[in-house]
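*Asks:* Chain residues, written in single-letter form:
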Amino acid sequence: MSLTYPVGSDHQLARLLQIGIVLEEVVEARAAKHAAESDGLTDDVRDLLDDAVVESADHRRRLEDLVEHLDAETVPFEEIEMLVEEQYESDGDFDGVLYDQLCNEETAYKFYDDLIDAVEQSDVGFGVDRDRLLTTLREIREEEAEGVEEVTKLMEAGE
Amino acid sequence: MNTSDQYLKAIYLIQDKEDGPASTGSIADMLDVSPASANEMIGKLEDRELVEHEKYKGVTLTDDGIVRARDALQNYCIIERFLLEVLEVEDFRGEARQLESVIDETVAERLDTIIDREPQCPDCFDAEDDVCGLLEVGVEASD
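Quick mapping for you: the protein sequence lines, in order, are chains A and B. Residues 1 to 159 in the working numbering are what the first sequence spells out, letter by letter. Residues 1 to 143 in the working numbering are what the second sequence spells out, letter by letter.
These aren't lab readings, by the way, just hints derived from the structure by calculation. Keep in mind that this is a model prediction, so the values were computed, not measured. Among the hints, erroneous ones may be present.
For lysine to aspartate or glutamate, the following EDC-like pairs were computed, each having C-alpha atoms within a straight-line distance of at most 20 Å [stated by the list, open to error]:
#1 K17(B) to D104(B)
#2 K110(A) to D71(B)
#3 K110(A) to D29(B)
#4 K110(A) to E52(B)
#5 K33(A) to E105(B)
#6 K33(A) to D104(B)
#7 K44(B) to D29(B)
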């Protein structure tokens, strides 16, 4: 009855990691855009956005290292930055920026959580070492969970 | 997208095509599962009041079922459009079907921030061709 598929090949794994990289690139570009264009942000929120940019860039590079072993390419950050720029509508105020950042962190957490499940369900031998793959994904998921907590605290403090 | 949403999407598309209830057989065919599996899930969806199942006639979505089915179809459109427009995947239909169970709606919403989707989505979905009718499929795509 279930239509949930485990990750069945290097190709599919590479595709999912590519999507993870794009998600990180979206976070990086949107956080930078918020910091540059939103008025009235507190120092705490600016620090949060700066940290999000640095953390997403780090996650992206760790995922790129994995993708390299799977003989696949990734979408350059500049390309995603341009797409974000085209579709971006400023959330402007404090609440809008924090809410967007919360969505970013929650989305990334959910994505890595589902991906880890799909990899764990699979018995395929991947071109990248399985332990290294799962360790990297679990570390990133943990950092996303911490990110959700940080944003939630700031939202509560602002109420 | 979870399994029940994939069933609701399939029922929605079949109802649209047939202009009437969806048979268990056609649902099983579309999802490539056995009729017994389809029946089991239809029973669960009925318990949750997302579909009505009338013997010998077929399955019809309730109002709540239609809302969820349309959301699921919209997510599917986002995945297809993202694969084609951003990752330039040639077999975007096949890969979207493989990926839809792993791509949650919150993830689809984020991917939606960088694609160019029309406001009438998912009404423009062409079930026969398994793709948005407004998507320009002829662009250069690689895998």
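*Asks:* Each hint: holds or not?
*Replies:* Against the structure, the hints:
no. : hint              : in the structure
1   : K17(B) to D104(B) : violated (26 Å)
2   : K110(A) to D71(B) : holds (18 Å)
3   : K110(A) to D29(B) : violated (30 Å)
4   : K110(A) to E52(B) : violated (32 Å)
5   : K33(A) to E105(B) : violated (24 Å)
6   : K33(A) to D104(B) : violated (25 Å)
7   : K44(B) to D29(B)  : holds (19 Å)
Hint check: violations occur at hints 1, 3, 4, 5, 6; the rest are consistent with the structure.
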